[in-house]
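Protein chains: 2
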Amino acid sequence: MADAPTSRHRLLSATIDLVRANGYLATRVDDVCAAAGVTKGSFFHHFASKDELAIAAAGAWNERAAQVFAQAPYLLHPRSLDRLLGYVKFRRQLIAGENWEFSCYAGTTIQEVHETNPAIRDACAAAIDGHLEMLRGLIDRALVENPDTEADSGSLALHIQAVIQGAFVMAKARQDRRAATACIDHLHRYIELLFAPSPRRKSRKVPS
Amino acid sequence: MADAPTSRHRLLSATIDLVRANGYLATRVDDVCAAAGVTKGSFFHHFASKDELAIAAAGAWNERAAQVFAQAPYLLHPRSLDRLLGYVKFRRQLIAGENWEFSCYAGTTIQEVHETNPAIRDACAAAIDGHLEMLRGLIDRALVENPDTEADSGSLALHIQAVIQGAFVMAKARQDRRAATACIDHLHRYIELLFAPSPRRKSRKVPS
Numbered sequence: 001m002a003d004a005p006t007s008r009h010r011l012l013s014a015t016i017d018l019v020r021a022n023g024y025l026a027t028r029v030d031d032v033c034a035a036a037g038v039t040k041g042s043f044f045h046h047f048a049s050k051d052e053l054a055i056a057a058a059g060a061w062n063e064r065a066a067q068v069f070a071q072a073p074y075l076l077h078p079r080s081l082d083r084l085l086g087y088v089k090f091r092r093q094l095i096a097g098e099n100w101e102f103s104c105y106a107g108t109t110i111q112e113v114h115e116t117n118p119a120i121r122d123a124c125a126a127a128i129d130g131h132l133e134m135l136r137g138l139i140d141r142a143l144v145e146n147p148d149t150e151a152d153s154g155s156l157a158l159h160i161q162a163v164i165q166g167a168f169v170m171a172k173a174r175q176d177r178r179a180a181t182a183c184i185d186h187l188h189r190y191i192e193l194l195f196a197p198s199p200r201r202k203s204r205k206v207p208s
Numbered sequence: 001m002a003d004a005p006t007s008r009h010r011l012l013s014a015t016i017d018l019v020r021a022n023g024y025l026a027t028r029v030d031d032v033c034a035a036a037g038v039t040k041g042s043f044f045h046h047f048a049s050k051d052e053l054a055i056a057a058a059g060a061w062n063e064r065a066a067q068v069f070a071q072a073p074y075l076l077h078p079r080s081l082d083r084l085l086g087y088v089k090f091r092r093q094l095i096a097g098e099n100w101e102f103s104c105y106a107g108t109t110i111q112e113v114h115e116t117n118p119a120i121r122d123a124c125a126a127a128i129d130g131h132l133e134m135l136r137g138l139i140d141r142a143l144v145e146n147p148d149t150e151a152d153s154g155s156l157a158l159h160i161q162a163v164i165q166g167a168f169v170m171a172k173a174r175q176d177r178r179a180a181t182a183c184i185d186h187l188h189r190y191i192e193l194l195f196a197p198s199p200r201r202k203s204r205k206v207p208s
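Line by line, the protein sequences give chains A and B.
Everything in the first sequence is counted per this note's numbering, starting at 1 for the first residue and increasing by one.
Everything in the second sequence is counted per this note's numbering, starting at 1 for the first residue and increasing by one.
Each hint should be verified, as a subset may be incorrect.
To be verified - Derived DMTMM-like pairs (lysine to aspartate or glutamate); straight-line CA-CA distance at most 25 Å: (1) Lys89(B) x Glu150(A); (2) Lys50(A) x Glu115(B); (3) Lys89(A) x Asp185(A).
Derived by calculation from the structure, the hints in this document are not laboratory data.
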């Protein structure tokens with residue numbers, strides 16, 4: 001079965017792309033097989049159901065993201081705040097091509113199944129949580145290097161993810177990716193302001 | 001036909017609630033009729049199709065939001081920046097109850113139909129645009145009263161909407177509305193920082 005990993009991989013990639021464009025419910029197993037160039041027999045060799053496929057796709061999405069962000073250029077910055085701001089700029093650069101190409105498989109699917117399919121929702125939430133954990137590490141190191149900044153890394157990571165997810169919604173609404181990049185620019189400005197030296201806090205250190 | 005507006009209204013309300021919980025594709029006309037207590041015959045008296053229903057629901061959603069925000073308590077603040085920050089606090093207060101109760105009909109539907117149903121997508125985008133226009137007015141007045149703040153009201157309105165839409169996604173992922181309120185708290189802080197008097201810019205006004 002030398003071709004098994006390849007057809008499985010093609011099925012997962014096709015699922016991710018079709019769901020990002022058309023949503024989870026609108027994506028039929030037949031569409032996934034056609035896009036992947038895989039027979040339905042082969043599909044059921046890999047996955048027992050469409051639900052199982054969607055859950056595996058959430059795992060594949062998480063792995064793909066982990067690889068992209070583990071090799072990302074911003075990690076080379078020596079200062080931790082530059083790495084965090086570099087992450088935001090990198091997210092902005094990833095907003096290219098058509099809406100479905102930069103949209104998030106996990107966020108899109110969660111919107112659709114959050115009440116109706118807890119297993120798929122939780123698999124997608126786990127993919128987002130994996131990314132949040134990486135992001136929290138970036139923020140924690142920036143906070144250590146900038147002790148004057150008061151922020152909770154967990155909630156800031158959530159906020160950063162929310163801006164990115166919401167930016168995708170705005171791009172889809174406007175049919176214009178510039179609606180998304182404008183939101184990411186505000187996120188970048190927020191982090192700069194949050195980590196900017198506060199004259200008020202600094203003045204407290206000077207004896208009056 | 002004295003009861004016509006009432007059954008139409010019930011159908012639109014049921015659509016909004018069911019789509020917020022289950023998504024657009026998963027919501028069947030039969031479900032809407034059952035939730036509204038309206039016969040299928042009566043449904044087709046009001047709407048030619050499920051698409052027409054979804055488009056009308058986007059209009060109803062826009063009207064409902066316009067009413068809520070036209071009467072909102074934050075409008076009583078004398079200072080324009082307090083009205084803008086009051087808007088953000090008000091959005092935070094609206095995050096109550098179950099996820100579907102505070103989620104956005106327009107944002108949820110756009111995620112699902114952005115590629116597959118342009119007519120519904122554009123009706124939902126128009127609802128969001130209506131809200132953005134109101135928000136832009138709040139921001140423009142805050143910028144007039146705070147001329148040192150450099151920001152584009154159109155992109156800031158988009159960003160505020162993105163944070164709110166993304167906050168809903170995070171609450172659905174985490175099954176915890178505190179994930180959403182944490183994001184709104186960061187948005188509040190961003191606006192405070194953005195409008196805070198800048199010591200650097202002020203110092204430029206002092207002749208050196």
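Task: Hinted pair Lys50(A) and Glu115(B), Cα distance within 25 Å - done: 21 Å, holds
Open item on the list: For a C-alpha distance cap of 25 Å, please report whether Lys89(A) and Asp185(A) respect it.
Closed with: 8 Å, holds
Open item on the list: So if I understand the rule, the pair passes when the alpha-carbon distance is 25 Å or less; does Lys89(B) with Glu150(A) pass?
Closed with: Answer holds: Lys89(B) to Glu150(A) is near 20 Å, not above 25 Å.
Checked against the numbered hints above, the structure breaks none of them.
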